[in-house]
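> With the hints as constraints, model all of the structure from the sequences given.
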Amino acid sequence: MNDLNKSDKLGRYIYSKHHYRPSNNTVRHTAFMPPPDRQLSIFIISGLNEEDIWSIGENLRNLKLLGRADIITNHVYKIELNIQVDNNPPRHANIINWPKENSAIKLKAMELAQNAILQLK
Amino acid sequence: MSIPIQSSSYSNSSFLMNPSNIGNGINQDSSWNLVVKKGIRRLWSRTSITFGEPLYNLINSLFEVYKECSEPDWDGYGASPISEEAYGEAFKIIDSLPSGINMPEITCEPTGEIAFEWNRGKGRVFVVSVGGKHKINYAGIFGDNKTHGSEYFEEFLPPIVVENLRRLYSY
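Protein sequences, first through last, are from chains Y and X.
Residue numbers for the first sequence follow this note's numbering, so the first one is 1 and each next one is one higher.
Residue numbers for the second sequence follow this note's numbering, so the first one is 1 and each next one is one higher.
Derived by calculation from the structure, the hints in this document are not laboratory data.
Any given hint could be a false lead.
[To be verified] Incomplete in silico selection of chain Y near chain X, CB under 7 Å:
| hint | residue |
| --- | --- |
| 1 | Tyr-15 |
| 2 | Thr-30 |
| 3 | Met-33 |
| 4 | Leu-63 |
| 5 | Ser-103 |
| 6 | Lys-106 |
[Claimed, not checked] Here are the simulated PhoX-like pairs of lysine-lysine, each with C-alpha atoms no more than 20 Å apart in a straight line:
| hint | chain 1 | residue 1 | chain 2 | residue 2 |
| --- | --- | --- | --- | --- |
| 7 | Y | Lys-64 | Y | Lys-121 |
| 8 | Y | Lys-78 | X | Lys-122 |
| 9 | Y | Lys-100 | X | Lys-133 |
| 10 | Y | Lys-17 | X | Lys-67 |
| 11 | Y | Lys-100 | X | Lys-146 |
| 12 | X | Lys-92 | X | Lys-135 |
| 13 | X | Lys-92 | X | Lys-67 |
| 14 | Y | Lys-64 | Y | Lys-17 |
| 15 | X | Lys-135 | Y | Lys-100 |
| 16 | Y | Lys-78 | X | Lys-146 |
| 17 | X | Lys-133 | X | Lys-92 |
[Said to hold, decoys possible] Where chain Y lies over chain X, by a calculated footprint (3+ residues, C-beta under 8 Å):
| hint | stretch |
| --- | --- |
| 18 | 96–108 |
| 19 | 114–126 |
| 20 | 135–149 |
Quantities reported herein were computed from a predicted structural model and do not represent experimental measurements.
Yeah, the Cβ is synthetic: ideal placement off N, Cα and C, and Gly gets one too.
Here it is as structure tokens:
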């Protein structure tokens, strides 16, 4: 899977309770803040059934999978970020083109979070 | 706005009600920890006299965040741990909150910063964060308007942060 449509669905797996608000089941910006290498790990989950989607996240880390934040590809492009598909593992991609300033990164993460839908495990 | 408080062995009332217990479970020998303890005691007395339960809950929440995010890779994606310096600076943020302001929720960022979030629903959110480097990073979404920046931080909240908080609650 290399070519993305604007309507493709992406999933960011959540392993920390600090990545969502239990009070209203919404995604926090922290779920979308990239690590120091500014590559935010996501999976292309369009066309998969729920069982397969959860299976990817459960086998990804040695941490309990708490949920995921789903977002449409177009929301990423609209804020001038990009998506680099590496298929390593299959369906894996990174959100790239993050700015350098912490505050600018924070704002973009907030914009992604407010367009994301929380799915709890 | 709700403040999530999880019950645990460290976060129960008896633990925080006695300031001499504050800091147990953290690096006890650090001189910085003494500074943090002093700050907690000052806030504790302020809490009991003027601010009551909301500020008390906020301090409790900060302690929980510090416990949960002070190890590397706390998020499974290689997050940096929260440092004692960031923890101490977060107390300064609490201490400098203007009276009458809504209490934020506290969380940790993968950069190792502690974030304070004021969330009024979709399209109305303001976040500030500190990492123990005398710097506040902030970002806000106010409907169609957006802002972000950073400011030097020592004792008082920078005016632009206070202004953005008022902006968030002005409509």
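> The structure should be examined with respect to each hint, and the outcome stated for every one.
Each hint tested on the structure:
no.	hint	in the structure
1	Tyr-15	holds (4 Å)
2	Thr-30	holds (5 Å)
3	Met-33	holds (5 Å)
4	Leu-63	holds (5 Å)
5	Ser-103	holds (4 Å)
6	Lys-106	holds (4 Å)
7	Y/Lys-64 - Y/Lys-121	holds (10 Å)
8	Y/Lys-78 - X/Lys-122	holds (17 Å)
9	Y/Lys-100 - X/Lys-133	holds (17 Å)
10	Y/Lys-17 - X/Lys-67	holds (13 Å)
11	Y/Lys-100 - X/Lys-146	holds (18 Å)
12	X/Lys-92 - X/Lys-135	holds (12 Å)
13	X/Lys-92 - X/Lys-67	holds (18 Å)
14	Y/Lys-64 - Y/Lys-17	holds (11 Å)
15	X/Lys-135 - Y/Lys-100	holds (16 Å)
16	Y/Lys-78 - X/Lys-146	holds (14 Å)
17	X/Lys-133 - X/Lys-92	holds (12 Å)
18	96–108	holds (count 3)
19	114–126	holds (count 6)
20	135–149	holds (count 9)
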